[in-house]
Amino acid sequence: MSVVVIASWTAVGLAVGCGLAANVERLLTTALSGPSNTDMVVPLVTALAFGVLAGRFGLQFDLLPYSVLAALGVVLGLIDLIEQRLPSVLIYSGVALIGALLATAAVAQSRGSEFGRALAGMVVLAAFYLVLAVASRGGLGAGDVKLGGLLGLALGWLSWSALVVATFLGWLTATLVWLALCLIGRRPNDFALPMGPFLLLGAFVTVTAMPT
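Take 1 as the starting number for the sequence shown in full-length UniProt numbering and just add one per residue.
Worth flagging that the hints you see were computed from the coordinates, not collected in a lab.
Hints are not guaranteed to be accurate.
Unchecked claim - Label-pair ranges, simulated between beta-carbon atoms:
1) Met-210 <-> Ser-136: 21 to 29 Å
2) Ser-8 <-> Ala-108: 16 to 24 Å
3) Phe-128 <-> Met-210: 13 to 21 Å
4) Val-5 <-> Phe-128: 21 to 29 Å
5) Val-123 <-> Asn-37: 12 to 20 Å
6) Leu-97 <-> Val-4: 23 to 31 Å
7) Tyr-92 <-> Ala-192: 33 to 41 Å
Every residue gets a Cβ at the ideal spot worked out from N, C-alpha and C, and that includes glycine.
Using the sequences and the hints, build the whole thing.
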């Protein structure tokens with residue numbers, strides 16, 4: 001893939017990240033107790049994600065919806081780490097933006113079957129997390145259920161295999177981190193591990209590494 005394309009899209013990611021970073025603290029319900037590094041973390045991570053996606057998709061149309069997912073995912077993951085909360089406004093915005101982009105591709109590129117699978121993936125994964133949330137009696141939050149719908153939409157567009165692999169990777173990573181925290185004695189008794197960052201990471205790794 002052209003270095004120019006990757007570098008250019010990385011620069012776009014940096015600009016998008018700077019715009020998002022300016023609004024992160026507005027989405028937080030509690031004030032940060034110390035100095036915040038969000039102004040640096042969000043742009044840098046977003047730029048890195050955009051660069052990796054450009055290397056994966058090049059100038060294909062799919063670069064756009066997955067870049068939207070990456071940009072929103074960085075902010076969602078950060079807020080979930082800080083407050084263990086996934087703002088609905090970001091998830092709904094992601095569903096609307098990504099859904100519109102995928103619908104456009106379905107019409108312009110005759111990819112109706114992939115769009116249908118994306119919609120089905122959204123329903124299936126959201127329903128799966130809803131069942132888990134009910135069964136766990138609060139162990140999984142409503143935000144995770146909504147995030148499942150967003151990820152199901154994006155991953156279903158690629159394939160059912162991508163949806164399954166990304167979900168497995170997200171839960172596997174969360175389990176390994178939980179066990180590591182237990183082993184080193186760093187887990188407080190009332191600590192709940194936020195699932196959002198792990199589910200988003202599993203999706204990103206799958207989208208960028210799994211062949212279609």
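Verdict for Val-123, Asn-37 (Cβ pair) under range 12 to 20 Å
37 Å, violated
If I claimed the Cβ atoms of Val-5 and Phe-128 lie 21 to 29 Å apart, would that claim hold in this structure?
36 Å, violated
So does Phe-128 sit 13 to 21 Å from Met-210, Cβ to Cβ?
19 Å, holds
Tyr-92 paired with Ala-192, Cβ distance criterion 33 to 41 Å:
Given a distance of about 24 Å, which is not inside 33 to 41 Å, the answer is violated.
That 21 to 29 Å hint for Met-210 and Ser-136 (C-beta), does it hold up?
28 Å, holds
May I ask you to test the hint 16 to 24 Å on the CB atoms belonging to Ser-8 and Ala-108?
For Ala-108 against Ser-8, whose Cβ atoms are near 23 Å apart, the range 16 to 24 Å holds.
Just tell me: holds or violated, for the beta carbon distance of Leu-97 and Val-4 against 23 to 31 Å?
Cβ of Leu-97 to Cβ of Val-4: about 26 Å, so the range 23 to 31 Å holds.
When each numbered hint is compared with the structure, violations occur for hints 4, 5 and 7.
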